[in-house]
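*Asks:* In case you want the letters, here they are:
There are 2 protein chains.
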Amino acid sequence: MKSNLELVNDCDQFPPNRDPSFLYRFMVNGFDCPFGYLLEATVNTFSWPDYWEINHDGKTVKLLGSSLEERNKQIHDTLLAERERGSFKILKGWTSEIFSVYGPQKDLVLSIPRIAAPLFGIVTYGVQLLAYQSDTSDGAIRIWIARRAKTKRTYPSMLDSTVGGSLPTGETPFECLIRESAEEASFPEELTRTKAKACGTVNYVCRTDERGGGELGLFTPEVQFTYEMELPKDVIPTPGDNEAEEITLMRVEQIKSALGKGEFTPANGCIVLDFFIRHGIINFENEKDYIEISSRLHRTHAFPTA
Amino acid sequence: MKSNLELVNDCDQFPPNRDPSFLYRFMVNGFDCPFGYLLEATVNTFSWPDYWEINHDGKTVKLLGSSLEERNKQIHDTLLAERERGSFKILKGWTSEIFSVYGPQKDLVLSIPRIAAPLFGIVTYGVQLLAYQSDTSDGAIRIWIARRAKTKRTYPSMLDSTVGGSLPTGETPFECLIRESAEEASFPEELTRTKAKACGTVNYVCRTDERGGGELGLFTPEVQFTYEMELPKDVIPTPGDNEAEEITLMRVEQIKSALGKGEFTPANGCIVLDFFIRHGIINFENEKDYIEISSRLHRTHAFPTA
Numbered sequence: 001m002k003s004n005l006e007l008v009n010d011c012d013q014f015p016p017n018r019d020p021s022f023l024y025r026f027m028v029n030g031f032d033c034p035f036g037y038l039l040e041a042t043v044n045t046f047s048w049p050d051y052w053e054i055n056h057d058g059k060t061v062k063l064l065g066s067s068l069e070e071r072n073k074q075i076h077d078t079l080l081a082e083r084e085r086g087s088f089k090i091l092k093g094w095t096s097e098i099f100s101v102y103g104p105q106k107d108l109v110l111s112i113p114r115i116a117a118p119l120f121g122i123v124t125y126g127v128q129l130l131a132y133q134s135d136t137s138d139g140a141i142r143i144w145i146a147r148r149a150k151t152k153r154t155y156p157s158m159l160d161s162t163v164g165g166s167l168p169t170g171e172t173p174f175e176c177l178i179r180e181s182a183e184e185a186s187f188p189e190e191l192t193r194t195k196a197k198a199c200g201t202v203n204y205v206c207r208t209d210e211r212g213g214g215e216l217g218l219f220t221p222e223v224q225f226t227y228e229m230e231l232p233k234d235v236i237p238t239p240g241d242n243e244a245e246e247i248t249l250m251r252v253e254q255i256k257s258a259l260g261k262g263e264f265t266p267a268n269g270c271i272v273l274d275f276f277i278r279h280g281i282i283n284f285e286n287e288k289d290y291i292e293i294s295s296r297l298h299r300t301h302a303f304p305t306a
Numbered sequence: 001m002k003s004n005l006e007l008v009n010d011c012d013q014f015p016p017n018r019d020p021s022f023l024y025r026f027m028v029n030g031f032d033c034p035f036g037y038l039l040e041a042t043v044n045t046f047s048w049p050d051y052w053e054i055n056h057d058g059k060t061v062k063l064l065g066s067s068l069e070e071r072n073k074q075i076h077d078t079l080l081a082e083r084e085r086g087s088f089k090i091l092k093g094w095t096s097e098i099f100s101v102y103g104p105q106k107d108l109v110l111s112i113p114r115i116a117a118p119l120f121g122i123v124t125y126g127v128q129l130l131a132y133q134s135d136t137s138d139g140a141i142r143i144w145i146a147r148r149a150k151t152k153r154t155y156p157s158m159l160d161s162t163v164g165g166s167l168p169t170g171e172t173p174f175e176c177l178i179r180e181s182a183e184e185a186s187f188p189e190e191l192t193r194t195k196a197k198a199c200g201t202v203n204y205v206c207r208t209d210e211r212g213g214g215e216l217g218l219f220t221p222e223v224q225f226t227y228e229m230e231l232p233k234d235v236i237p238t239p240g241d242n243e244a245e246e247i248t249l250m251r252v253e254q255i256k257s258a259l260g261k262g263e264f265t266p267a268n269g270c271i272v273l274d275f276f277i278r279h280g281i282i283n284f285e286n287e288k289d290y291i292e293i294s295s296r297l298h299r300t301h302a303f304p305t306a
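Chains H and S are the protein sequences, given in the same order.
With the first letter of the first sequence counted as 1, position 9 gets the number 9 in UniProt numbering; the numbers rise by one all the way through.
With the first letter of the second sequence counted as 1, position 17 gets the number 17 in UniProt numbering; the numbers rise by one all the way through.
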C-alpha cells in the first residue's frame, strides 16, 4: 500500500526544495524570469534557428522575438521544423490546441502548441471536479469516480476525478469546467453553473514517463483548478464522450484502498487527497504526514502563472 | 483598500523564493537540517555558553547537547541567563508554556519556552476555527467573527477567527480546538467534537513588529491547523474568557470590507481568505492573484514540522 505522501511524491516529482541548477531555463527577450525548465538532452537535440540565444554556461535558452506575434511564429516554426526532422517522439501527437504562457504581470507572453509544452517545461492548467453525495443512508460522503477508457493514450483504465480536462487558451476555468462537465459526465450546464464550487488549486511538477509515450523525464508543472459539487440523489453522471468507461459512486474506504493500490492517475490521486483534507477525512490525528501533504498539494511554481 | 495578495504579504513576510543567506541557521548536534532562523543581531546579543558552537562564516548556531534532556536544560539555562541580564525585551513575558521542536522523522528534538521561539525562529503551531451559518434568510453564508479584547497585548481590538489559539506541547490540534472553543466561544465540547471539520493548514512566516512589544524583525514561521463548523441557528457563540470582546455574525461583504481596511490581524486575515477560497467566494474569475494566493496560504517551511 502506498502512503499518502508517496502518492504526492508520485505526482509532484520535483519538490520546491530540489536544486534546479542542472536544468536549462527557458527565457524570453524582455523578461527577467524563467518560464520553464528544459533538459540538457532536449537543448542538444533542437536545431535552434538564429532567433534563439543558447547559453551553455548560464544554462539558458532565450527566445529573442520582441512581440507576441513574432514569438508565436518563431516557436511554431521551430517546432514544426523539429517535427519534420522527427527529432522528438512527443511531437508526433501534434494537434491544433495551444497553451498560453503568462508573464509576471499576467500578460500573455507567447502561445505554444500544447503537445510541445513538456519540451520547454512551461506551466499548464487544468480543471478538476469531484461530484459527491452526502445525503446517503449512512450519512457518509460518497464520491463519483470515473474510470478512464481503455483506449486513452495516457493512463488507460486508471481512476480519475468525476470530470477533468486541460484548460485551452481563451477559456476561463469555470467555463471550461461547465463544458467538460457536459461532455464527460452529461451534467446539464445549469446544474454545474449553479452547484459547482471552486475550492482552490492543486499544484505539482510531474515528469513524463513511459505511460506518456514520448520523451522521458520532461518537466510538466501544472496548476489544477479544483471544484466540488454536491449532487442531488437523482442526478447520475453518465459518460458523454469516450474519455471515461464508467463513473461510479464510491465510498471513502473504497477510494482509500484504490489510492493505496495506485489505481488513480498521479494527478487525480492528489485531487482526491486535497478533497479528503478539505473535508476532514484526512487530518493531523490520522495522517502522520498531514502538514507536509496539505502544503505540498499547493506548492508554488518557480514561474509566473495566469 | 488592501488587495487580498497584500493581506497575504502582510502575514507571510518572508516568501519561499526569498534568499535566506543573510540569516543564521539554528542547528542541533546530530541533525543535518536547520530548525529555525536567527538574525545576526540576535546572535551577537546572546552570551553563548560553551555548549553552543557559533560559526560566523557558515552562519550557524549549533546546540551541542546530545540528548533531549540535555538540550532542554541547555536552552532553558541559556535563556534564563539572558533574562537575568535583560538582553531581550521579548523575554520579559516569560511563562511556563513550552513549544516543541520536531526533527525530520517527527521525533522530539527539544522544547523551548514559548516566549523565546521568535529568537530562534522555530516553527510554532496553532488552531483556528471559523464557525458559520449557511441556512440564512438569503441563503448566503455568514461567519462568526471575534473582536479581540482591548486589553490584549498583541493586536488589541482587531478582528479574529471565531476561535483560535496556539498549540501547547502534548495536546493534539483537535483536542486543543475543543478546549479553546469551550474557553473562547462557550461551545459545548460535544458540539465541537461532532461538528468541527479539519480542512488543512495555513502556513506563513511572520516577522515581529512594534505591535508585539519585543524585538523587531524576528522570524516566526507558523502552521495553523484550520477548522470550520457549520452552526445550528440556535447556537450563539459567547466569549467565555477575556480573549474576545464580542463575537458577531458577519456577512461576506462586511468581512471583505473589514479585510480591505486591515481590521483583521494578519494571520486571521489569511485564515478568512483560505475559507473564502475553499468555499468558492474567492475564485479565478473574481481575483486576479488567485493562483498565487491559494498557493502562498499553504507555503512550505524550510524546517521539519510536527
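Worth flagging that the hints you see were computed from the coordinates, not collected in a lab.
Quick reminder that beta carbons are idealized off the backbone N, C-alpha and C, glycines included.
A couple of the hints might just be wrong.
SDA-like cross-link-like pairs, simulated, lysine to any residue; straight-line CA separation at most 25 Å [to be verified]:
1. S:LYS195 to H:GLU246
2. S:LYS197 to H:GLU82
3. S:LYS195 to S:GLU215
What follows is a list of derived Cβ distance ranges for each label pair [as the list claims (entries may be wrong)]:
4. H:GLN254 to S:SER166: 34 to 40 Å
5. H:GLY280 to S:SER137: 24 to 30 Å
6. S:SER166 to H:LEU108: 41 to 47 Å
7. H:THR45 to S:THR169: 52 to 58 Å
8. S:ALA41 to H:PHE31: 45 to 51 Å
9. H:GLU246 to S:GLU97: 28 to 34 Å
10. S:SER137 to H:GLN133: 49 to 55 Å
11. S:TYR155 to H:GLU183: 45 to 51 Å
12. S:GLU97 to H:GLU189: 42 to 48 Å
13. S:ASP19 to H:GLU189: 26 to 32 Å
14. S:LYS288 to H:GLU183: 56 to 62 Å
15. H:MET1 to S:GLY139: 51 to 57 Å
16. H:THR136 to S:ALA41: 55 to 61 Å
*Asks:* Okay, S:LYS288 versus H:GLU183 on CB: inside 56 to 62 Å?
*Replies:* Between S:LYS288 and H:GLU183, where Cβ atoms are some 28 Å apart, the hint is violated.
*Asks:* Does the Cβ distance between S:ASP19 and H:GLU189 fall inside 26 to 32 Å?
*Replies:* For S:ASP19 and H:GLU189 the Cβ distance comes to about 48 Å; the hint is violated.
*Asks:* Check the following: the C-beta atoms of H:GLN254 and S:SER166 are separated by a distance inside 34 to 40 Å.
*Replies:* holds (38 Å)
*Asks:* If I claimed the Cβ atoms of H:GLU246 and S:GLU97 lie 28 to 34 Å apart, would that claim hold in this structure?
*Replies:* Cβ of H:GLU246 to Cβ of S:GLU97: about 55 Å, so the range 28 to 34 Å is violated.
*Asks:* Assess, step by step, whether the Cα of S:LYS195 is no farther than 25 Å from the Cα of H:GLU246, and give holds or violated.
*Replies:* The hint is violated at about 34 Å.
*Asks:* Holds or violated: 24 to 30 Å for the Cβ distance of H:GLY280 and S:SER137?
*Replies:* holds (28 Å)
*Asks:* H:MET1 and S:GLY139, beta-carbon distance inside 51 to 57 Å?
*Replies:* Given a distance of about 42 Å, which is not inside 51 to 57 Å, the answer is violated.
*Asks:* Is 45 to 51 Å a correct range for the gap between the Cβ atoms of S:ALA41 and H:PHE31?
*Replies:* violated (37 Å)
*Asks:* For the pair H:THR45 and S:THR169, does the Cβ-Cβ distance stay inside 52 to 58 Å?
*Replies:* Hint holds: Cβ distance 55 Å, inside 52 to 58 Å.
*Asks:* That 49 to 55 Å hint for S:SER137 and H:GLN133 (C-beta), does it hold up?
*Replies:* At roughly 27 Å between Cβ atoms, H:GLN133 and S:SER137 fall outside 49 to 55 Å, so the hint is violated.
*Asks:* Can you let me know if the beta-carbon spacing of H:THR136 and S:ALA41 is within 55 to 61 Å?
*Replies:* holds (59 Å)
*Asks:* Below or equal to 25 Å on CA atoms is what counts here, so check S:LYS197 against H:GLU82.
*Replies:* Given that 25 Å is the threshold and the Cα spacing comes to 53 Å, the pair is violated.
Of the hints listed earlier, those the structure fails to meet are numbers 1, 2, 3, 8, 9, 10, 12, 13, 14, 15, in rising order.
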